[in-house]
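Make a model of the complete structure from these sequences and hints.
Just so you know, the sequences run in chain order G and D. Okay, so the first sequence: first residue is 1357 according to the numbering used here, each after it adds one. Okay, so the second sequence: first residue is 7 according to the numbering used here, each after it adds one.
Just so you know, the hints here were simulated from the structure itself, not pulled from any lab data. Beta carbons: idealized from backbone N, C-alpha and C, even for Gly. Hints are supplied without guarantee of correctness; some may be wrong.
[Stated by the list, open to error] Ranges of calculated distance between the beta carbons of each label pair, as one might list FRET restraints:
1) D:F103 with G:Q1420: 18 to 26 angstroms
2) D:H74 with G:L1471: 17 to 25 angstroms
3) D:P77 with G:L1460: 26 to 34 angstroms
4) G:Q1420 with D:N70: 16 to 24 angstroms
5) G:K1361 with D:N92: 29 to 37 angstroms
6) D:E164 with G:P1380: 21 to 29 angstroms
[Stated by the list, open to error] Here chain D is said to cover these stretches of chain G; the calculated rule only asks that three of the stretch's residues, wherever they fall, bring their Cβ under 8 angstroms from a Cβ of chain D:
7) 1372-1383
8) 1408-1417
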Amino acid sequence: MEEAKAYIESGILELYVLGQLDAPEQQEVERMADLFPEIRSEIAAIELAMEKYALEKAVQPKPQLMNKILQQINAQEIIKEPEIQEAIITPLNTAPAPKSLRPLQFALAACLALLAMSIFALYTTHSRLSDANQQLIVMRQDREKFAATVNFMKNENKDLQQINQITTDPTWAKVKLAGTQISPKASLMVYWHKEGKHVMLDNASMALPENDKEHQYQLWAIVQGKPVDLGVFDADSRPKKLLLDMKAVSNVQAFAVTLEKRGGSPGPTMEKMVLISSI
Amino acid sequence: MAATTKISLTEEQLVKGLKAQDTAAIQALYEQYSGALMGVIIRIIPIEEIAEDLLQDTFLRIWNSTRHYDPSKGRLFTWMMNIARNIAIDKYRSKDFRNGGKNQTIENNVDLINETNEVIFNADTLGIKDMVTKLKPEFNQVLEMVYFKGYTHVEAAEELSIPLGTVKTRIRMAIMELRKHFN
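See the structure below:
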């Protein structure tokens, strides 16, 4: 144990106890103390002596200082408290992992609610939009109907004016066709412009039974004893036009109307003659 | 002295109490050791008010760094003494203290400290104990400088203009005498 003895006598242990060594030197002393029990007990003896010496050289501070220190420590404990709470919470953190997710869950729920609301709003808007579109279509149809009516009335007005003009114009021949034996109540007015050869039917004064879909009325002109086709027409209770233009003709002796198959026939069917006139 | 009324705990009990952050332990520690720690602080910073502030700092640091104390490395008092000495030395070297202390350097301050200490360590005013232990003056001087006044043994050698080896020897001899005396 010569090594330990020499180490003790070097005086390094005293410097160690007096806090005079740097960190590597301190570690060296501690290593030696671990190796040699007599070094450890030597250190303990030096420490004890220095402690007694310090106690002997004590200078008593003011007695109030104790309370000041205790107050500071207590104040510090209050400040420290949150830290302690934190330390308690930390181990629990493994379990309440959902806790940290809770705000996210709320956010997700809020998002879903928002999405549902948006879809509902979108659906409502969409159905309102299609309602509006429907209404628009109806209104457009109404407008077209109205425009058609206006157009019809305009034409009607024009026709009426023309009729009025015809009645006062001597160049227009106003020919009244009367019913034959098979249709005594029938009647029709035909306007014929002698110079322009223009022929028109007056729908307003027409009194003919309505024809079916297979048949149409056909107007004939008798020219030099022979029937000339002037075109077909329908007997409608609600005619689209007041005046119906027919084919032009001149030197007419008489007008006649027969009921023919739809589209007309090349020659009149005499037994189906419903109207006849003479000029 | 009223020492008999003080709570006296064994070192083991004190360490256990401190580590458990039991304020009763710091109280007992204060009662047992405040004077000894004040002794080293006031010899480095010989102004009572400042020294008491530093003593307070010392106890707070002891309280807050208990976990750093390893009983297998040495006695609790040695550890506390080093804390107190370091706090006092830090203060001594700090700008604010030195500016307040008339810009004196540590070297030419030694005599002043010694003189001031002579005045302050008046037994009547500060309750300092009688020097029971009488050491040979040359041993006492070196030990006082290193143990109580914050000198490193290198600084003490320079201050006293003696070889470092001699300083080490004198420290060892002084402590040997103390051990003889206390046993």
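Looking at the structure, which of the earlier hints fail to hold?
Hints 2, 3 are the ones this structure does not satisfy, whereas the remaining hints hold.
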